[in-house]
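Asks: So you can see what is in the structure, the chains are spelled out below.
There are 2 protein chains.
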Amino acid sequence: MYKLVKIEGGVCASDGFYADGISAGLKPKNAKDMAFVYSDTLCEIATVFTTNKMTAAPIRHFKKKGEFQTNFVLMNAKNANAMTGQAGIEDIDEILATLPEKIVNPVMSSTGVIGVRLPKEKIIAGAKRFDVTKKDNNAAAAAILTTDTFTKQIAYKVLLADGSSFHIGAMAKGAGMINPAMATMLCFITTDAKIDKAEMQNLLDVHVKTTFNAASVDGDTSTNDTVMLLSNKKSGAYHQEAFSEALYKIMRFLAREMVRDGEGATKLVTYEITGAKNDEEAEVVAKALTNSLLVKTALYGEDPNWGRIAATVGASGAEASEERLKISFEDLCVYDRGRLYFDAEMERKAAAIMQRERFRICCDLGIGDGRFTAFGCDLGYEYVKINADYRT
Amino acid sequence: MYKLVKIEGGVCASDGFYADGISAGLKPKNAKDMAFVYSDTLCEIATVFTTNKMTAAPIRHFKKKGEFQTNFVLMNAKNANAMTGQAGIEDIDEILATLPEKIVNPVMSSTGVIGVRLPKEKIIAGAKRFDVTKKDNNAAAAAILTTDTFTKQIAYKVLLADGSSFHIGAMAKGAGMINPAMATMLCFITTDAKIDKAEMQNLLDVHVKTTFNAASVDGDTSTNDTVMLLSNKKSGAYHQEAFSEALYKIMRFLAREMVRDGEGATKLVTYEITGAKNDEEAEVVAKALTNSLLVKTALYGEDPNWGRIAATVGASGAEASEERLKISFEDLCVYDRGRLYFDAEMERKAAAIMQRERFRICCDLGIGDGRFTAFGCDLGYEYVKINADYRT
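One line per chain: the protein sequences are A and B, in this order.
Each residue of the first sequence is one higher than the one before, starting from 2 at the first, in the working numbering.
Each residue of the second sequence is one higher than the one before, starting from 2 at the first, in the working numbering.
Hints are not guaranteed to be accurate.
You can't tell identical chains apart in this list, so a pair holds if it fits in one copy or across any two.
Claimed, not checked - Straight line, CA to CA, 27 Å or less: simulated BS3-like cross-link-like pairs of lysine-lysine:
#, residue 1, residue 2
1, K250, K235
2, K198, K123
3, K278, K54
4, K210, K278
5, K327, K65
Bear in mind the hints are in silico, worked out from the structure with no lab data behind them.
Bound conformation, chain A alone (with noise of 0.2 Å):
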C-alpha cells in the first residue's frame, strides 16, 4: 500500500535539490536562458540520450567521463553545441573548471542551434551568478525552454505504508520529435528515494518506451536528446512499485506536455493501436500515424478523412488488411472491416470530435493481441512558420 501525492516545487520538490534559472544573454529580451540543478549531496545517475549518429558534444563529455556521481548539471538554451567536434567538448570542460569548489562531477546540457561553438565567455560569466541555495524550479524550467510556449514540470510525494515517504520531482523541455528545429528534448528528474543505481537505470529505461519514446513523432531523433534521473537518497525511503508508479506518471505527463505544446500544434491526439500482429507492430502502426504529413494536416483542417488513416495504416509495413481493419474517433466507430457506412451524419458527428484539444483515434487491426499507445499532434500553418524562419 503507498499514495502518490501531486506536490508543487518541480526537481526541487526532492529533499536536497536546488534549481534556479537566470539570464545570461544567450536569449534575445533578457529572457531566462541558464539553469542549473544543484544537490547538496553527491547524486546517483541514470541517462537516456539520443542515438543520433552525431552525438552533441554535451552527451560525448558525459560518456568518456565513464561512472561517477555528481552534484550538478549545468544548462543552457540556444546552443546544441552540436558538430562542433572536439572544440565542443573543450568548451565544456573550460566551461565547467570555472564552477566553484563544491560542485563535484558536473554535467552539460545544452539545446538549441547546430553547428555553432558556444558562447563562452557568456556562459561562463552566467555560471558565476548562480546561487545554489535558490529553489526556484519556476525559473530553471524556464531557462531551458527555446520555442516552447510553456514550462513542463511536475512533481509527487510518494506517502509508504510504514510512515515513510520520499519525492520525485521533475521538468522538461522540447516538443519531442515533433520539434525538429530545436534538435533537442531535456527532462531532468530528481528524487530523494534510497534507489540504487541499477533499478534507476532500468525503470528508466522501461518508462522511456511508453513515454517519451511513444511521443517521437518523426524519426527525426535529435542530437541533444536527454533524459536524466538524479538520486541522492536522502529520504532514506523506497519501493519499486511506487516509485515506479510516479515515474511513469511523470515521464507521461511530460511526454503528453511536450506533445500539446509542439510547434503550432492546436490539437494532443492519442492513438491507440490495438489487434496488431505483437506489439512491435502495433508501435510502427502508431508512429506511421504520429509521423503522416497526411494524417497531421487532416488533423488540423479537423476534417475526419479515415481513408488517410487507413492509407497510412496499410502502408506502415505491419500486417493488416481492409477487411479486417476497425477505425474509431473516440467511441464512434467510423469503418468496420469492409463495412463503409460513412454519412453524413457520421462525419458530422466525427467533425465534432475532432475539433476537441485533445481525442483519441484507435485502430483495432484485428490480426493478433499487439497494442501501442503513442501520442501526436496536428500540423498547421504555425508549424511551417516557426521552422522556415528559425535561425533568421
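Let chain A serve as the given structure and place chain B on it in line with the hints.
Replies: Leaving out everything else, chain B in the frame of chain A:
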C-alpha cells in the same frame, strides 16, 4: 549506335496508340476527369503497383486476372476506389462490361478520395462518349490530374543504326509520395517497340528504383500507385540499350516533374548521397532527407541550415560520423569533416543557392562507396492549406 529524339505526342506518340480526356462530372466546373489509352492491336503489359496493404480495388481487379493482354485502359480522377472492398471490384466489372466489343480485357485505374464508392453511373455515361479514334494526349494527361498544377508528358523517337525506329511515350499524374492527399501517383507509358513481356517488366522494375521510388518523400506509399507500360510491338524494331535509356529518361523526367509539382512546393532539390557504407544506406540517408520536416521547412525558408541536414543524416540509421561527413550546397562545401567554418560570407552564398528553383544538396559520408540520388521538395504554407482543406 542509336539516337534518342524528343518528340511531341505523349502516350499517342507510339504508333497505334490513341487517347483522349473528357468531363464526366466527377470534378467541378466541367474539368476533364476521365481518360482512356487505346491501342488498335493488343498489348503486352508490365506494371509496378503500390506496396500498400490497403491496395485499391482497380489494382486488386488487375491482379486477380492473372496473365493477359489488353488494348484499353480506362482512367478516372477524383475517386480512388480504395477501401471499398468487394463492392469496389464489382463496380469495376460493371463499368468495364459496358464498353464496346472491340475493347479486349480493359483495365481501370483510379485516383482521388479513399473510402467512397465510385459514381458508377457518371463513369458509365462518360465512357460511352469516348472516341477511340482520337489522339488527344493533352486531354488525357489533363483528365488524370488532381491537385497537380500542370500535365506531365514526354515522348522519344528512338532511331537505330539499321534505319529502323520505335517510340516511347508517357503521361503521369501526382506528386509521388509528397502528395499524400490524393493518395495516388499514376504513370502510363506506351511503346511500339518489339520488346518481349519479361524484358518490359525487368526494365520497369530496374528503373523504378532510381526514378519514381527515389521521389517518394514520406514513406506514405499510397493505395493506388501504378506505373504501367503497354507495348503493341507495331514498329517491329527494338534495341535493348536504346530502349532502356529512353525508358529511364522518361521515368526520371516524370518523377522529377511530380516532385516539382508537389503540393505547395516551390523548389526541386536533388539529394546526392555518396561515400555511404553501401548503396542501401545511401538510399536510407537520401530518403530521410527528402522526408524530414526539419529539412523541408528550412528549404522553404531558404535557410542554409546545414545543422538540420547533419542531424537528419545522423538520425537516419546509416553509419555516419561528424568527423567524416561533408555537406555541400551545389559545389559550395558548408561543412567539411569536423571543420566548422560556416561564416557570414558563406551563409550569404549558400542562401543565394537556396533561392534557386532547383539545386543540389550533396552529402558525402566518407565511409564507403555507396551512393544514391533522390528528389525532394520544400514544405510551405500552401501544402498545409491544400491538405487541411482537401475533402471539404
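Asks: For each hint, tell me whether it holds in the structure or not.
Replies: A quick look at each hint next to the structure:
1. For the identical chains of this complex, K250 and K235 are intra-copy neighbours only, at 22 Å inside a copy versus 71 Å across copies, given an alpha-carbon limit of 27 Å.
2. Taking the shortest alpha-carbon separations for K198 and K123, neither the intra-copy value of 35 Å nor the inter-copy value of 70 Å comes in at or below 27 Å.
3. Proximity of K278 and K54 under a CA criterion of 27 Å is satisfied inter-copy only: 14 Å between copies versus 31 Å inside one chain copy.
4. In this homomeric assembly, K210 and K278 come within 27 Å of each other (Cα to Cα) only inside a single copy, at 19 Å, whereas the closest approach across copies is 29 Å.
5. In the homo-oligomer, the alpha carbons of K327 and K65 lie at most 27 Å apart only across protomers (25 Å), although the nearest pairing inside one protomer, at 49 Å, exceeds that limit.
Consistency with the previously given hints fails for number 2 only.
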